[in-house]
Amino acid sequence: MTAHTSDSMPVPRQASAAQKPRRRAPVRISESRRRIENLVLQVLLIGSFLLLWEYASDRWVPKLMVSKPSDIGSTIWRWLLDGTFATNLWVTIQATIGGFLLGTSAGMLLGFLTGSIRRVGEVLQPIVTAFYTLPRLALAPLFLLWFGLGMEFRIMFSATIVFFLVYYNTYFGVREVSRELISAVRIMGANHFQVAWRVIIPSALVWVAAGLKISVPYSLVGVVVAEMLASDQGMGFLLARGASQFSAAQTFAAISGLLVVALIVDWLITRVTNYALRWKTAGQQN
Amino acid sequence: MLLDIRNVDFGYQNEQPLLVDFSMHIKKGEFVALLGPSGCGKSTLLNLAAGLLTPLDGEVDFGGNALHGLNRQVGYMTQGDTLLPWMSVSKNILLPLELRGVPRAERQQKLERALKLVNLVEARDKFPSELSGGMKRRALLARSIIYEPPMLLMDEPFGALDAQLRETMHQELLDTVNRMDESVLFVTHDISESILLADRIIVLGNRPLRVMEEIRLPWGKDRNLNEIRGCDEYVRLEHHLRDLLRMSKH
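Sequence lines, in order, name chains S and D.
Quick note on numbering: the numbering used here labels position 207 of the first sequence as 207, and the sequence is numbered without any gaps.
Quick note on numbering: the numbering used here labels position 113 of the second sequence as 113, and the sequence is numbered without any gaps.
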């Protein structure tokens, strides 16, 4: 028997396609909604961590070691009221900005010169690399001798750390500039200065911006380390004092202050570099 | 004679010489296409005319004067995208005028004309990353002609475009250079492109670079590209050039 029952009859292709449930279009979440959702998740995550910390302190972990968010909060509040926070934070911010500006401008200038002038690069690049391999902490005693305990010591110490980050980024940025672009602009009538201003600097800016962004936390680290080594002011000093007095609350309060400074400076740098590099993202879809 | 390359020798270090005793010339207002196999030295000829390369021997004259250093009297449009990505379309097109110190009012006037000419008025404030391939080519063309150089050097300028867009660009290029009475030295691989655009085709052979044949094309300046494509002469030339190119590789 070859007869087919209706159950075993082959179903026409078209009919099966028609019966198939239609696939749902992917849901698109707007950018603002995504941001709000992310913020809520971050607040929830940090909040749960703080609650867990508050609960665990003195139950699972000795309070002397980790303190408590509530104690840290009250220390921050006390420092805010008596001006400790403002005075020391301001000292650290000034030194960070000073170190950042000095280190980045020196790094950009030298990186630009060594990257764009062949002979300067050949002579200076090995010397810079030799200094780069030197542990920066080894310079601290020397800087203390030269600049004393004041602001200059912190700024110089921070600048030496930041300098190399920006120097290498600028150097490679300048070296990577398209020769074709330079030739095109030279044929249009540009002199050496115009080539540098119109092509090399903007083109290297992508690399420099990356260097600047990395430099922000490092300049802060430089200042805090300098303040911890030898200082009677600043957030690094508060950190070291808290540790020496076995006060985890003071140490965490100082760290929180540093965190706020780092976030603000990073936000500022990100805004500035995003504006300067807006041409890179123009035309891209989210 | 606008461009006169006389008895030029050129080669790169540790390589077989590219040009040996090579000569060619271009008259004012002439559109010359260089057709030849890859790597034969067509782009090198353009770089010599632009002054980006210096001959090992021989002379390159431009406008009756021997060329020493960069030739700033040419507009150079390469295969690559040389728009400055951090500048808007308008600023890119204006750049040569700014570099040459042209007064602001005159710059603006020329910009408006150039934008209209290449149909980029709407895209004037966009960055290059926001443009399509064809729009980028048009912006590059506008930037090359805005300072009205007596000669345009073009190295496969439309190679990356699709066929339809290339046809549009061909007509735009011809209209522009005819209106401005510019000379053009145009490097291409595309036989059809060379027949449609050029007044004269120079077919080049491989290392060392040599002229295999020069063909003067019968169509005048106000040619109709569609009519040319349909005529017998076009087909005959296409076959002839294809045979020549086949031979040039050996």
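Keep in mind that the hints were calculated from the coordinates and are not lab data.
Think of the CB as a built atom: it goes at the ideal place given N, C-alpha and C, for glycine as much as any other residue.
Don't take each hint at face value.
To be verified - Below, computed lysine to any residue pairings styled on SDA-like, alpha-carbon distance capped at 25 Å:
#: 1; chain 1: D; residue 1: 126; chain 2: S; residue 2: 279
#: 2; chain 1: D; residue 1: 116; chain 2: D; residue 2: 163
#: 3; chain 1: S; residue 1: 280; chain 2: D; residue 2: 28
#: 4; chain 1: D; residue 1: 110; chain 2: S; residue 2: 175
#: 5; chain 1: D; residue 1: 110; chain 2: S; residue 2: 197
#: 6; chain 1: D; residue 1: 91; chain 2: S; residue 2: 213
#: 7; chain 1: D; residue 1: 110; chain 2: S; residue 2: 213
#: 8; chain 1: D; residue 1: 126; chain 2: S; residue 2: 230
#: 9; chain 1: D; residue 1: 28; chain 2: D; residue 2: 110
#: 10; chain 1: D; residue 1: 91; chain 2: S; residue 2: 278
#: 11; chain 1: D; residue 1: 28; chain 2: D; residue 2: 218
#: 12; chain 1: D; residue 1: 126; chain 2: S; residue 2: 195
#: 13; chain 1: S; residue 1: 213; chain 2: D; residue 2: 87
#: 14; chain 1: D; residue 1: 91; chain 2: S; residue 2: 242
Stated by the list, open to error - Label pairs and their computed distance ranges (CB to CB):
#: 15; chain 1: D; residue 1: 180; chain 2: S; residue 2: 276; range: 33 to 39 Å
#: 16; chain 1: D; residue 1: 181; chain 2: S; residue 2: 276; range: 40 to 46 Å
#: 17; chain 1: D; residue 1: 100; chain 2: S; residue 2: 141; range: 29 to 35 Å
#: 18; chain 1: S; residue 1: 193; chain 2: D; residue 2: 239; range: 49 to 55 Å
#: 19; chain 1: D; residue 1: 181; chain 2: S; residue 2: 97; range: 26 to 32 Å
#: 20; chain 1: D; residue 1: 189; chain 2: S; residue 2: 172; range: 31 to 37 Å
#: 21; chain 1: D; residue 1: 100; chain 2: S; residue 2: 175; range: 37 to 43 Å
If you draw a straight line from the CA of residue 110 (chain D) to the CA of residue 175 (chain S), is it 25 Å or shorter? The hint is violated at about 35 Å.
For a C-alpha distance cap of 25 Å, please report whether residue 126 (chain D) and residue 230 (chain S) respect it. violated, 53 Å
Given the range 40 to 46 Å, decide if the beta-carbon distance of residue 181 (chain D) to residue 276 (chain S) lies inside it. holds, 42 Å
Are residue 126 (chain D) and residue 279 (chain S) close enough, with their CA atoms no more than 25 Å apart? Since the Cα atoms of residue 126 (chain D) and residue 279 (chain S) sit roughly 9 Å apart, the hinted pair holds (cutoff 25 Å).
Check the hint pairing residue 116 (chain D) with residue 163 (chain D) against an upper bound of 25 Å on the C-alpha distance. Distance ~23 Å between residue 116 (chain D) and residue 163 (chain D) Cα, so the pair holds.
Lying within 33 to 39 Å: is that true of the beta-carbon distance residue 180 (chain D) to residue 276 (chain S)? This hint holds: roughly 37 Å between Cβ atoms.
Residue 213 (chain S) and residue 87 (chain D): Cα distance at most 25 Å? holds, 23 Å
Regarding the pair residue 126 (chain D) and residue 195 (chain S), is the alpha-carbon distance no greater than 25 Å? holds, 23 Å
Take the C-beta atom of residue 100 (chain D) and the C-beta atom of residue 141 (chain S), compute their distance, and say whether it sits inside 29 to 35 Å. Taking Cβ atoms as reference, residue 100 (chain D) and residue 141 (chain S) lie about 57 Å apart, which means the hint is violated.
Take the C-alpha atoms of residue 91 (chain D) and residue 213 (chain S), compute the straight-line distance between them, and say whether it is at most 25 Å. Judged against 25 Å, a Cα distance of about 28 Å means the pair is violated.
Is residue 110 (chain D) within 25 Å of residue 213 (chain S), Cα to Cα? Violated. Residue 110 (chain D) to residue 213 (chain S) sits at ~41 Å, over the 25 Å cutoff.
Take a look at whether the Cβ-Cβ distance between residue 181 (chain D) and residue 97 (chain S) falls inside 26 to 32 Å. Distance hint for residue 181 (chain D), residue 97 (chain S) is violated at roughly 59 Å.
Comparing the model with each numbered hint stated earlier shows that hints 3, 4, 6, 7, 8, 14, 17, 19, 21 do not hold.
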